[in-house]
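Number of protein chains: 2
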Amino acid sequence: MLYPKILDKSIELLKRLPGVGEKSAERIALAINDFSEEDVKTLADSLIKCKIELHPCSCCGALTDEEICNVCSNPLRNKEIICVLENYKDVLAFEKGGTYDGVYHVLNGLISPVDNIGPDDINISSLIDRVNKLNNVEIIIALRASIEGEATTMYIQKIFENSNVVVSRLPYGIPMGMEIDYLDGITLDRAIKDRKKLS
Amino acid sequence: MLYPKILDKSIELLKRLPGVGEKSAERIALAINDFSEEDVKTLADSLIKCKIELHPCSCCGALTDEEICNVCSNPLRNKEIICVLENYKDVLAFEKGGTYDGVYHVLNGLISPVDNIGPDDINISSLIDRVNKLNNVEIIIALRASIEGEATTMYIQKIFENSNVVVSRLPYGIPMGMEIDYLDGITLDRAIKDRKKLS
Chain A
2 MLYPKILDKS IELLKRLPGV GEKSAERIAL AINDFSEEDV KTLADSLIKC KIELHPCSCC
62 GALTDEEICN VCSNPLRNKE IICVLENYKD VLAFEKGGTY DGVYHVLNGL ISPVDNIGPD
122 DINISSLIDR VNKLNNVEII IALRASIEGE ATTMYIQKIF ENSNVVVSRL PYGIPMGMEI
182 DYLDGITLDR AIKDRKKLS
Chain B
2 MLYPKILDKS IELLKRLPGV GEKSAERIAL AINDFSEEDV KTLADSLIKC KIELHPCSCC
62 GALTDEEICN VCSNPLRNKE IICVLENYKD VLAFEKGGTY DGVYHVLNGL ISPVDNIGPD
122 DINISSLIDR VNKLNNVEII IALRASIEGE ATTMYIQKIF ENSNVVVSRL PYGIPMGMEI
182 DYLDGITLDR AIKDRKKLS
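In order, the protein sequence lines correspond to chains A and B.
Take the first sequence: its position 198, counting from 1, is numbered 199 in our numbering, and each next residue is one higher.
Take the second sequence: its position 134, counting from 1, is numbered 135 in our numbering, and each next residue is one higher.
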């Protein structure tokens, strides 16, 4: 009885968003209801359009509304440095940094034996195809520091073991602005192993 | 260049939600994009439907998709106890409590001279009309503890000063589960004034 029925439907669906509970879903639905009618329609329209028109880039797997995403089609990007990421959100994070001028390869998942996700279930074979067409490739693996991330990193490293492809990964370390004593022991241990010589 | 254009539009609008910045808007848009096409359409549809069909209840001002909201039309609710609230979200909060069996009156705003919002700009005149048609009314004011909330409370109190309408307000006090030392001095001062005799 709580909500009018039509509001109920919005709230029920918004509750499925990550980190959004009943209360936040309520706030989002009511805040959208405070938009002008035109804006609500534009929002609704563009959500549907995104769902229909966005698809993985046929080269790198990032979301795009064209055949090839705007990173892969950019002639200024270095096609021989490929940063391997878990998902499209990670691409956005790198692009915000703004200085990386290589390209990406989005796996859209990580290997996870527990969840029955193997190498064939994620976007790895297209990475191999892609690399085989190039010379002097460097693959920079930037996957999250978890069992799944490390399993996937090891798998990719193994594939290119006896080739001339350089495989590197982001070091474990201290995020900018973070106090050292807030970091967990495992990160610190690994950061020490990944230490960078200054002189 | 960052996002595909169609994603950009969703993110731009979602950023207008309270407490939602660029990053959260991105997460929401991409999470909705992970819904099934049917669910995205249902969500989009129901957002538009809400905007078109929800309107203030002609009796109490709460949002409803019918002429009279389901609280006002419920014969089991005591129509002579009227709880005055700032907005519809507050109605939902009370209804979740589940024991209040009176009705509501939603002001859809608070008197705020600074923002040039006077008594005529909020839903007060219909409260007066409503009360005048009843005998033995009690008005319980449950507005937020702010200058605007208190100005509105005083205004309503003044209107019914020389009538037989009982006007009360929620006491200032300690929220359930809150540690005393986390409360600010003003709340504590007022809670002492609002103290309840036990024996």
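Quick caveat, the hints were computed from the structure, so don't treat them as lab data.
Warning: the hint list may mix true and false statements.
Put simply, identical chains are the same to the list, so a pair is met inside one copy or across any two.
What the hints assert, rightly or not - Computed cross-link-like contacts, EDC-like style, restricted to lysine to aspartate or glutamate with a CA-CA straight-line distance of at most 16 Å:
1. Lys80 / Asp102
2. Lys97 / Glu149
3. Lys6 / Glu67
4. Lys194 / Asp121
5. Lys10 / Glu87
6. Lys198 / Asp122
7. Lys6 / Glu68
8. Lys134 / Glu54
9. Lys50 / Asp40
10. Lys24 / Asp9
11. Lys198 / Glu96
12. Lys194 / Glu13
13. Lys90 / Glu23
14. Lys50 / Asp185
Structure-based check of all given hints:
For the identical chains of this complex, Lys80 and Asp102 are intra-copy neighbours only, at 9 Å inside a copy versus 67 Å across copies, given an alpha-carbon limit of 16 Å. With identical chains, the CA atoms of Lys97 and Glu149 are never at most 16 Å apart, being 25 Å at best within one copy and 41 Å at best between copies. For a Cα distance limit of 16 Å, the shortest separation of Lys6 from Glu67 across copies, 10 Å, qualifies, whereas the shortest one inside one copy, 38 Å, does not. Neither within a single protomer nor between protomers do Lys194 and Asp121 lie at most 16 Å apart by alpha-carbon distance, with minima of 32 Å and 69 Å respectively.
Taking the closest pair of Cα atoms, Lys10 and Glu87 never come within 16 Å of each other, the shortest separation being 32 Å inside a single copy and 24 Å across copies. Proximity of Lys198 and Asp122 under a CA criterion of 16 Å is satisfied in neither setting, with 39 Å inside one chain copy and 67 Å between copies. Only between protomers do Lys6 and Glu68 lie at most 16 Å apart by alpha-carbon distance; the minimum there is 14 Å, versus 41 Å within a single protomer. When the C-alpha separation of Lys134 and Glu54 is checked against a cutoff of 16 Å, the pair qualifies neither within a copy, at 29 Å, nor between copies, at 57 Å.
Taking the shortest Cα distances, Lys50 and Asp40 sit within 16 Å of each other both inside one copy (15 Å) and across copies (13 Å). Taking the closest pair of Cα atoms, Lys24 and Asp9 come within 16 Å of each other only inside a single copy of the chain (12 Å); across copies the shortest separation is 26 Å, beyond that limit. Taking the shortest alpha-carbon separations for Lys198 and Glu96, neither the intra-copy value of 27 Å nor the inter-copy value of 62 Å comes in at or below 16 Å. Taking identical chains as interchangeable, the C-alpha atoms of Lys194 and Glu13 are never at most 16 Å apart, the minima being 47 Å within one chain and 42 Å between chains.
For the identical chains of this complex, Lys90 and Glu23 are inter-copy neighbours only, at 12 Å across copies versus 25 Å inside a copy, given an alpha-carbon limit of 16 Å. In this assembly of identical chains, Lys50 and Asp185 lie within 16 Å of each other by CA distance neither inside one copy nor across copies; the values are 42 Å within and 48 Å between.
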